[in-house]
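Starting from the given sequences, assemble the full structure and let the hints guide the process.
Here is what each chain is made of, one letter per residue.
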Amino acid sequence: MTNNNLENRVLKPNISIGERLKTFLFENKVMLVFVIICYLGYLASGSRADTVLNEVFTRISRNSFTVLSLLIPVLAGMGLNFGIVIGAIAAQIAVFAVVYWGLAGLSGMALAVLIATPLAIIFGYLVGKLFNMTKGAEMITGLILGYFADGLYQLLFLVLIGRVIPATNPRFIIDGGVGVKNVVDLTGTLKYSIDRVRIIDLALGLLVIVAVITAVRLYLHLSKKRKFTLKDLALMVGVGILYGITYIPAIERHLYVERINLIVALSLVLALFAIKSAYSIYKNRDGHDPTYSRGRSISIIVISVIAFALTYVPSIETLIMSVELPVLPYVLIGGLMAFNKGILNTRLGHNMRTVGQSNAVAAASGINVDRTRLIAVILSTVLACWGQLIYLQNLGTFSTYGAHMQVGQFAVAALLVGGASVSKATNSQAIIGVTLFHLLFIIAPQAGNNLFGDAQVGEYFRVFVSYGVIALSLAMHAWQRKKPAGSMMASLSQAGPAIAETEKKE
Amino acid sequence: MTKLKKAIDIIGIPRLIIGLFFIALVITALAVGLTPSSLFSDILRRWMMYAILVLAMVPGVQSGIGMNFGISLGIVSGLLGSVISMEVAYVKGWFFHFGAGAAWLTLLLALLIGIVLAAFVGAAYGLLLNRVKGSEMTVSTYVGFSAIAMMNIVWILLRFQNGQLRWPIGSGLRNTASLQESFGGLLSNPDVYSQSRSIAIPAGLNEAGSVTVQQPKALSFLAIDVGGSGFVLPLGLIMVFALCCLIIWLFLRSKKGLAMSAAGENELFAVSNGINVDSMRILGTAVSTVLGAVGIIMYAQTYGFLQLYNAPLMMGFAAVASILIGGASIERASISNVIIGTLLFQGILTVALPVVNAVINVSALPEIIRIIITNGIILYALTKARGGRR
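Chains as they are written, first to last, in our numbering: chain A, 115 to 620; chain B, -19 to 370.
Derived from the structure by calculation, the hints contain no laboratory data. Among the hints, erroneous ones may be present.
Reference listing, derived: stretches of chain A covered by chain B, where coverage requires no fewer than 3 residues with Cβ under 8 Å from a Cβ of chain B [claimed, not checked]:
id: 1; segment: 242 to 250
id: 2; segment: 267 to 273
id: 3; segment: 304 to 312
id: 4; segment: 566 to 577
What follows is a set of in silico ranges between Cβ atoms, one per label pair, in the way DEER data are often shown [said to hold, decoys possible]:
id: 5; chain 1: B; residue 1: Trp84; chain 2: A; residue 2: Gly160; range: 49 to 57 Å
id: 6; chain 1: A; residue 1: Gln520; chain 2: B; residue 2: Tyr360; range: 20 to 28 Å
id: 7; chain 1: B; residue 1: Ile(-9); chain 2: A; residue 2: Arg277; range: 54 to 62 Å
id: 8; chain 1: B; residue 1: Tyr360; chain 2: A; residue 2: Ala477; range: 20 to 28 Å
id: 9; chain 1: A; residue 1: Ala211; chain 2: B; residue 2: Ile340; range: 38 to 46 Å
id: 10; chain 1: B; residue 1: Trp229; chain 2: A; residue 2: Ala477; range: 43 to 51 Å
id: 11; chain 1: B; residue 1: Asn246; chain 2: A; residue 2: Leu135; range: 55 to 63 Å
id: 12; chain 1: B; residue 1: Ser151; chain 2: A; residue 2: Gly160; range: 17 to 25 Å
id: 13; chain 1: A; residue 1: Leu135; chain 2: B; residue 2: Asn155; range: 43 to 51 Å
id: 14; chain 1: A; residue 1: Gln520; chain 2: B; residue 2: Val12; range: 34 to 42 Å
Heads up, the beta-carbon is just placed ideally off N, CA and C, and yes, glycines get one too.
So, in structure tokens, the structure goes:
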């Protein structure tokens, strides 16, 4: 898949614009269809633009992290990891424990992370072991495993808690002393514990983390395990100066907030895009890298500038100004995107990609296939677990027996809506997918009400779309992989390679 | 010792464990004082109620598409056939014109519509599955889910007049429609033959707006209350299931059926013998879907209610788990797997509820056990299939 990309890019200069447009339309057909459905639904719903926009950004902050947790298993050739439900279950066990003990705020959330992460690692390890036993059928295994795990989860929450595990607080336990209530309210405890982190605290946190890293590196230097470089020192000093700046009163004033306006965030993101593109133009000025396209960088800069200019149109400006973004969730989402991108350049990432292309080739080149796949699943499970923590703290109520059920389903559907497939998924597809999928969620009931006189129709349509898009994408993927009909005899004569082909991917 | 080992090998360890668990449950049930007649009556009823749905897995597996999670397509065809048939029966005043025979006519029309629909849908679905060889199970799961979700929209948009089907206020069909005034219990409920029923008919046909209908005593052998003990022998249902089994048994031994099994077992071998593998797979899928339609109608007539909307969502999973418990694999399945598997699976669920209630009184536990057994057994089968796929 990556090779294909490479070829496409190399060949691009020879392809006419019309051809390129055609490829673009073909590759993004799912996404484009969704854009149209969402637009029509928006018109039919007659909702206010600012309400919808606010809701969309809330849901992006709430759900993106989980969707992004799906990318690593795709890279390792394991398809869409429906098993992330199990990560969500780990998160919910931790959240319940923390809330039951009455801990609140950021420290409560920190404890939840401390409890949930080891749980998620253990669960992820078990899931990975199972996936290694069912190579090629990871998706159906993950799906069934999700339901199976739900059974065990219900056993824990409905039967064991109160009966075997002592718990009596009537706020959480069903009258009669056994089982946890249907809904656990997080208001006043963990609700908004991540959303409400102020920028200033974030800066302090960054300083502490960098200080610890530097200290560790110094220690390693002293014990002669690793050389302490000038770069390490520069990082520490740089962050120190950055933190120092926050004490300047004029700047400090702006940092005691927990939300920033979309217009500020948008400007920052656009500036980042522009600077990055400019930097890559500078870096590739001698034109050594054949995969690099200068036209692309230039068009990104142009688009950023135009987009920034558009924010000065009064109607757009008021619309954008109406949205306030919680800082930390978006920072975490950004961090995960960087992680997903960064892992591609590590040795582990290379291994995963090789395993994803062919188990046999990977094994032949000395990669421990099972171990690589195991790590991919553990990472995905842990990330999904954190994603569920972000989700729950933002939602503020925790539906004990329902919150995890649709996690895998919705995350996978969202990713596919963004144009991803079983074998290829990117950060931007995840974000676009979350936006479109949840946009449909927001407008569908109202649109159903206006069109059919029944909000339930929109609700059902929404569910139909989320199942349908998965069915369609999986079918299309399998379809493309298969040789055209009538080639049975052909595959008979070259049975060897044909079988190898079907064995390596699902 | 080796003989014992061989016997265990033939039965299979999971089947052995689950079988022993079932027997232990039954013993516990009797020990805690449950009435044996009603207990065994329930087991038998549930066994036969689900059996045809489980049987629907056999042609699918044999033709090589693996476990047909897309059985929901057959299920919604059967449901659609039933609601259309009931609506026709009501609007045309069948019970006014034909009396007791109307219930049978309704059942037959429901089966007819369901089977025809399912045959077409199944064939189209088979075409799709031919395009996605190697990932049939994942695709079929989601095709099944989508079918249910799409039918949700249909159910809510249908404007029917039959008061049993539509909501008294508002629009669309009910979540559960009673079959009391239609074909419910004809093959399994002795009450149908011992009591008369009052059935609503459209206005203008007679003064009362309803007719009283009594099924003929001559047919009461279809549902026998053995010696008035409470043990019901649903002979009609058993006969229908036996008939289905016979048809499938003959089909699998016919030339077409053998070709189909060959196609499922070894594609290359089948091709070299001049078998059109793709059309055999379509045949298998269509037969499986048709059985799904028949199965849900039989299920509904036994249960006494038509369950629309999301109720059939996970029925495919239960059917898959049943046949796997019966000893089938993702590659091979037989009618005996169906019979044993359904007995064990449904038997456990039937007995577990009263036992759990009597012993620890956690009402949610049987449902939890169902979820764990269903999905646990499917997972186990997935790990056993070499490479996990066909």
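- Message: To test your reading of the hints: which numbers does this structure violate?
- Response: Result: hints 3, 7, 9, 11 break, sorted rising.
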